[in-house]
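As given, the protein sequences belong to chains P and L, one line each in that order.
Count the first sequence with this note's numbering and you get residues 1 to 144, in order.
Count the second sequence with this note's numbering and you get residues 1 to 423, in order.
None of these hints come from the bench; they were simulated from the model.
Mixed in with the good hints, there may be bad ones.
[To be verified] Simulated coverage check for chain L against chain P, where a stretch passes if three residues somewhere in it have a Cβ under 8 Å from a Cβ of chain P:
1. 217-227
2. 403-414
[Stated by the list, open to error] Cross-link-like lysine to aspartate or glutamate pairs, in silico, DMTMM-like; alpha carbons within 25 Å at most:
3. L:66 to P:33
4. P:87 to L:281
5. P:36 to L:142
6. P:87 to L:9
7. L:285 to P:33
8. L:181 to L:35
9. P:36 to P:25
10. L:285 to P:32
11. L:285 to L:322
12. P:87 to L:125
13. P:36 to L:173
14. L:18 to P:33
15. L:18 to P:117
16. P:36 to L:55
17. P:36 to L:29
18. P:87 to L:35
19. P:36 to L:281
20. P:36 to L:322
Source: prediction; values computed, not measured.
Glycine included, every Cβ here is placed at the ideal spot set by N, Cα and C.
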Amino acid sequence: MRFMMIVKATKDSEAGVMPNAELVEAMMRYNEELVKAGVLLAADGLHSSEGAIRISYPEPGGKPKVIDGPFTEAKEMIAGYTLIEVKSREEAIGWAMRMPDPHGFGEGEIELRQVFEIPEIIQDPIMQAKENALREQLEGNKKA
Amino acid sequence: MSATHRTIDAIWRIESTKLIAGLARMVRDIGLAEDLAQDALVIALERWPLSGIPDNPGAWLMTTAKRRAIDLKRRSQLYNRKLDDLGRSVDTYTEDDLDIAMEGEIGDDILRLIFMTCHPVLSSDARVSLTLRLLGGLTTDEIAHAFLVAESTIAQRIVRAKRTLSSAHVAFDVPTGEELKVRLSTVLEVIYLMFNEGYSATSGGSWLRPLLCQEALRLGRILAESAPLEPEVHGLVALMEIQSSRFRTRVNAAGEPILLMEQNRALWDQLLIRRGLTAIERARKLGRPLGPYALQAAITACHAQARSAEDTDWVRISALYEALSRAAPSPIVELNRAVAIAMAFGPDFGLQIVDELTADSSMKEYHLLPSVRGDFLLKLGRSEEARAEFESAALLTRNERERELLLKRAAECEISTSEQDGQ
Numbered sequence: 001m002r003f004m005m006i007v008k009a010t011k012d013s014e015a016g017v018m019p020n021a022e023l024v025e026a027m028m029r030y031n032e033e034l035v036k037a038g039v040l041l042a043a044d045g046l047h048s049s050e051g052a053i054r055i056s057y058p059e060p061g062g063k064p065k066v067i068d069g070p071f072t073e074a075k076e077m078i079a080g081y082t083l084i085e086v087k088s089r090e091e092a093i094g095w096a097m098r099m100p101d102p103h104g105f106g107e108g109e110i111e112l113r114q115v116f117e118i119p120e121i122i123q124d125p126i127m128q129a130k131e132n133a134l135r136e137q138l139e140g141n142k143k144a
Numbered sequence: 001m002s003a004t005h006r007t008i009d010a011i012w013r014i015e016s017t018k019l020i021a022g023l024a025r026m027v028r029d030i031g032l033a034e035d036l037a038q039d040a041l042v043i044a045l046e047r048w049p050l051s052g053i054p055d056n057p058g059a060w061l062m063t064t065a066k067r068r069a070i071d072l073k074r075r076s077q078l079y080n081r082k083l084d085d086l087g088r089s090v091d092t093y094t095e096d097d098l099d100i101a102m103e104g105e106i107g108d109d110i111l112r113l114i115f116m117t118c119h120p121v122l123s124s125d126a127r128v129s130l131t132l133r134l135l136g137g138l139t140t141d142e143i144a145h146a147f148l149v150a151e152s153t154i155a156q157r158i159v160r161a162k163r164t165l166s167s168a169h170v171a172f173d174v175p176t177g178e179e180l181k182v183r184l185s186t187v188l189e190v191i192y193l194m195f196n197e198g199y200s201a202t203s204g205g206s207w208l209r210p211l212l213c214q215e216a217l218r219l220g221r222i223l224a225e226s227a228p229l230e231p232e233v234h235g236l237v238a239l240m241e242i243q244s245s246r247f248r249t250r251v252n253a254a255g256e257p258i259l260l261m262e263q264n265r266a267l268w269d270q271l272l273i274r275r276g277l278t279a280i281e282r283a284r285k286l287g288r289p290l291g292p293y294a295l296q297a298a299i300t301a302c303h304a305q306a307r308s309a310e311d312t313d314w315v316r317i318s319a320l321y322e323a324l325s326r327a328a329p330s331p332i333v334e335l336n337r338a339v340a341i342a343m344a345f346g347p348d349f350g351l352q353i354v355d356e357l358t359a360d361s362s363m364k365e366y367h368l369l370p371s372v373r374g375d376f377l378l379k380l381g382r383s384e385e386a387r388a389e390f391e392s393a394a395l396l397t398r399n400e401r402e403r404e405l406l407l408k409r410a411a412e413c414e415i416s417t418s419e420q421d422g423q
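This is chain L alone, in the form it adopts within the complex:
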């Protein structure tokens, strides 16, 4: 790649989201918007190596794409007239739409775009892929690599998603009122899903998929600027910032996971922790009760602020889990609450909560339930029962590394049992 091509690549990376968002508002179709933006890029690739890069490359690309949009419109008007002659008509954008799209707030366009790519008519997989493609500017190949699936799968998923959006006539708008709340939570869910997919892959050997985490964090930061009055947006950003601060300590040299309490805190990224704490403050300052993301962020912040594992304020964490289980009740939150309570008040209190959870059918396949139960039992000196729990947890997990860790813990129980027998 020549130097100019590399520069164009960088400009594309910086400008593509704004460009696609602005164009989508013009033409009201994100597939067409992406095509127009890419046409403009192709023209730039032809011209800039000869003419030099313009002073304002973003504006140049936008003007070029707009011109293409107008050409297309003229052609489609001609086409429409022919359709009219046949007694049919097709809705298209007007010249006014094009002018409005050139003014307007870019931030709003990006917000509209993300509401579209995370629209409820799409499947969860489709939302993630389309958002990464159009807002993250990732290639289908990069997305495929991040999810360890074939590139053609992602390409098809994206094409289908665009088609679904067009045929459902999804409006390029920011929802209002009660709908905003519901739709925003879908957007946050997509971003967090992306982050988690990168943070702890559910299958395969790799624990970290850094690109996905970085993209999710970047999208979250963008969203926080586009929708600054939504506390949960800041809550999610805070959660991702603080979780990211532990990237370098989550696994050891052999690729085995290191538990939070055993991580080297000196290696936690203080810059990201500080950014996370600031984001929680932004959420708090809005003066509404904290939602599930902000509460989870507050919990991770407790860990981030403890100088050593022993300094962790488990009583506060238990209280935050209590609040979280009211804001977003789920057996998984209950399980975490059990862990916090065991740390704050002793393993027998934790065991009580966990025992109630074993009756919950949705938890039957969840490896962390026996894993946590095993941990409590081991602490209570019931190592034979603990071993059985670790073994069933190992059978349930889909992550190879986690399975190794669990089997290691089970083996350790056996040692401590035989030691007891020997005494």
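Isolated chain P, as found in the complex:
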């Protein structure tokens, strides 16, 4: 299962203020821990919304509307993400709880979201039926 830990933007991250050395070090230690546990897939920080564009479709079937950054509502934006691959939602929560406060002045916010994956073949109804039949057979063998 893949999960994305999304770090929300703040006024500071939007203003291009770099995190202090202590926080950078804590984040590096955290990422290293993820790598050593074999769960980290990708982690990136994003530039501020200055220079970003926003494309919206206010009218169904109409032309897109393009707005240039910077944008104002920091909390609606993201400053970075960390993508992990784990065995359960609980494990993902465990890792998310260990991420250091990403901003450190009362505005830190992390959102944990599960990533859609194309259903594994095991969930295919035909395959599932076969798999179940095999398991029943196995149970039967055990009892026999």
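The hints should help you fit chain L onto chain P, whose structure is shown.
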């Protein structure tokens, strides 16, 4: 399960490997290490719902387990003294071992643990099960499900494996020099075996056993951080990353396999491909000749980088197979080389290599030999011979889905033969 229990479950999943590895170094017995770690977990399950989860749960579990280890040691000292009185003595760990184990590099402990669970004194099945249990943190039930065998079989296998390791007095150490090379290749073999078992089950209806693949990949990634100077470790990781990138395209909705050349490349996981390419780079940068895993990874990378099946660089793939057949000669590599050469230079060149292989007795039972030969013959317009080859391949395979596919191909040959006759 309550919320606290779920959280404890997650902590266990994150901490158990480190915990068992650290404890194993202390007590020099992995069975005992696992028991101690589990005792600590049981204590946590009793206390944390009341006291709340500690700030550093990993350290808490380790301290608790260490305390249990010391208690046990005191008791065994008492026991030893009694044995001494009887004129016998038993080796146990000292208090110093316990302190050393609390410091030290965790990465090294994990490396020592994996060298132990993949030790040559164990059978191949035992290595895989024990590694999944102790390094993957999988339950015996999960392992049994992944291999479609009864849980009691796996439980027994693990108990026996631990006993074998203790009675063989296997040292909890990372081997050095020439021995490292040999032992490391055993470890890589176990991980790749695990991956392949998940990727293409040798029997039964299911082609994918995702849990095994994921665990193998995770172990490979862990190993790459613990032994970063070993090019073959990165080679194996690269191979698994790139092969995993094709998970969602390997079978169609009916569960039938889709051949590499016919897969929808838009669905390949680009993130895993990129990770695979980075891992190959890490192997290359170490500046030693590429080993068998890195070469296989380089071959899969050629496919991963081709935008369409027609864009595949078969000449480069042929050259890589040539290198692979020198690094790790085997008839199976030869068979693959034949396929690459046929794609690069024409089916008659491939057929020459395959014809030499039919004399190899080790290939008599291997379904892919007639399957590949049938493919070349069909391309050369010899469809009657091709049909016979597909039929014998269908008789040899143990995978139901593959058998269906082969019989379908044989039937198609018949159609093309009758078409020829009609003309």
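Quick rundown of the hints versus the structure:
1. Counting residues of the segment 217-227 of chain L whose CB lies closer than 8 Å to any CB of chain P gives 8, so the stated coverage by that chain holds, three being the minimum.
2. Judged by the Cβ-Cβ criterion of 8 Å, the segment 403-414 of chain L is not covered by chain P as claimed, because only 0 of its residues qualify and three are needed.
3. Taken as a hint, the residue 66 of chain L and residue 33 of chain P pair is honoured in the structure, with Cα atoms around 23 Å apart against an allowance of 25 Å.
4. The hinted pair formed by residue 87 of chain P and residue 281 of chain L fails the criterion: a straight-line CA distance of about 28 Å is larger than 25 Å.
5. This hinted pair checks out: residue 36 of chain P and residue 142 of chain L have alpha carbons roughly 23 Å apart, not beyond 25 Å.
6. For the proposed pair residue 87 of chain P and residue 9 of chain L, the alpha carbon gap of about 11 Å is at most 25 Å, so the pair holds.
7. Between residue 285 of chain L and residue 33 of chain P, the direct Cα distance comes to roughly 24 Å. Compliance with the 25 Å bound is thereby established for this hinted pair.
8. With a CA separation close to 31 Å, the supplied pair residue 181 of chain L and residue 35 of chain L exceeds the 25 Å bound.
9. Between the alpha carbons of residue 36 of chain P and residue 25 of chain P the distance comes to roughly 16 Å, so the proposed pair stays at or under 25 Å and holds.
10. Simply put, residue 285 of chain L and residue 32 of chain P have alpha-carbon atoms about 21 Å apart, close enough for the 25 Å limit, and the pair holds.
11. Of the pairs offered as hints, the one joining residue 285 of chain L and residue 322 of chain L holds, with about 22 Å between alpha carbons and a cut-off of 25 Å not exceeded.
12. Our distance criterion of 25 Å between C-alpha atoms is met by residue 87 of chain P and residue 125 of chain L, whose separation comes to about 23 Å.
13. Using a Cα cut-off of 25 Å, the hinted pair residue 36 of chain P and residue 173 of chain L holds, with the two alpha carbons roughly 19 Å apart.
14. Taking the CA atoms of residue 18 of chain L and residue 33 of chain P, the gap is near 11 Å; set against the 25 Å cutoff, the hint holds.
15. Simply put, residue 18 of chain L and residue 117 of chain P have alpha-carbon atoms about 29 Å apart, too far for the 25 Å limit, and the pair is violated.
16. For the suggested pair residue 36 of chain P and residue 55 of chain L, the alpha carbons sit about 21 Å apart, so the restraint of at most 25 Å is met.
17. With a CA separation close to 24 Å, the supplied pair residue 36 of chain P and residue 29 of chain L stays within the 25 Å bound.
18. With a C-alpha separation of about 23 Å, the suggested pair residue 87 of chain P and residue 35 of chain L falls inside the 25 Å cut-off, and the hint holds.
19. Restraint check: the Cα-Cα separation between residue 36 of chain P and residue 281 of chain L comes to about 19 Å, which is no more than 25 Å; the hinted pair holds.
20. Between the alpha carbons of residue 36 of chain P and residue 322 of chain L the distance comes to roughly 35 Å, so the proposed pair goes past 25 Å and is violated.
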